[in-house]
Amino acid sequence: DAGVIQSPRHEVTEMGQEVTLRCKPISGHNSLFWYRQTMMRGLELLIYFNNNVPIDDSGMPEDRFSAKMPNASFSTLKIQPSEPRDSAVYFCASSSLYRGNTEAFFGQGTRLTVV
Amino acid sequence: AQTVTQSQPEMSVQEAETVTLSCTYDTSENNYYLFWYKQPPSRQMILVIRQEAYKQQNATENRFSVNFQKAAKSFSLKISDSQLGDTAMYFCAFMKHVGGHYGQNFVFGPGTRLSVLP
Chain A
72 DAGVIQSPRH EVTEMGQEVT LRCKPISGHN SLFWYRQTMM RGLELLIYFN
122 NNVPIDDSGM PEDRFSAKMP NASFSTLKIQ PSEPRDSAVY FCASSSLYRG
172 NTEAFFGQGT RLTVV
Chain B
65 AQTVTQSQPE MSVQEAETVT LSCTYDTSEN NYYLFWYKQP PSRQMILVIR
115 QEAYKQQNAT ENRFSVNFQK AAKSFSLKIS DSQLGDTAMY FCAFMKHVGG
165 HYGQNFVFGP GTRLSVLP
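Respectively, the protein sequence lines represent chains A and B. Residue numbering for the first sequence follows the working numbering, starting at 72 and increasing by one per position. Residue numbering for the second sequence follows the working numbering, starting at 65 and increasing by one per position.
It should be emphasised that the hints constitute simulated quantities derived from the structure, not laboratory data. Heads up, the beta-carbon is just placed ideally off N, CA and C, and yes, glycines get one too. Certain hints may be false.
Unchecked claim - Simulated pairs of lysine to aspartate or glutamate, DMTMM-like, Cα-Cα distance not exceeding 25 Å:
1. B:Lys160 to A:Glu115
2. A:Lys95 to A:Asp127
3. B:Lys142 to A:Glu174
4. A:Lys149 to A:Glu85
5. B:Lys160 to A:Asp127
6. B:Lys160 to A:Glu174
7. B:Lys134 to A:Glu174
8. A:Lys139 to A:Glu174
9. B:Lys134 to B:Glu116
10. B:Lys160 to A:Glu85
11. A:Lys139 to A:Glu82
12. B:Lys119 to A:Glu82
13. B:Lys137 to A:Glu174
14. B:Lys137 to A:Asp134
15. A:Lys149 to A:Asp134
16. B:Lys142 to B:Glu79
Said to hold, decoys possible - For the chain A half of the interface with chain B, some residues (derived, Cβ under 10 Å), not all of them:
17. Glu115
18. Leu116
19. Pro132
20. Phe136
21. Ala138
22. Glu174
Using the sequences provided together with the hints, build the complete structure.
And the structure:
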């Protein structure tokens, strides 16, 4: 398996524009997480899906942020409209937590810069 | 809510020596999972080691081992024979196991920056 794949690796956009980040989890994993990493706040859990269903989105900072998982192999995180304070590295992680076997792996992250 | 604390913002160790990174967590749950991740300058989050709370035996992965003290809610990482490539941020993480909704609250500590000195 190629691991968790995120795209794009880097994104530079102007304030007010819509930004869509993409994630392909590891095949067979049943949970998917979106994180935001900044120097000030560290790794923040934004939203978590289990079997494609959003379970906990309490970490989503504002209504400008939305996430979807239309199928087991794809998820998006959208920011509309984007603001400079959204600049961060966004990670996607997928996990398999069946009894007796746990693993959780991250994608390489998307560095978002909003100017 | 679960919280993870790493009390050492920065540490350094001489190459070939042993270093221990501390992690404590707060939870009322009985079933959960603990992880250590490494983030080198490349920013990739790399899984180092994992521990299931129901297992009493401490996990080991080559030069990496943990000291899991469930009653004390402590999960420290020991790196033996430190190598220059071990220089990175190290994050401790907690994942709750609740019924059919596995993995709720996969939360991370603030990290410890480890420098291995030649």
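In rising order, the numbers of the hints this structure does not comply with: Structure breaks hints 10, 12, 14, 19, 20, 21.
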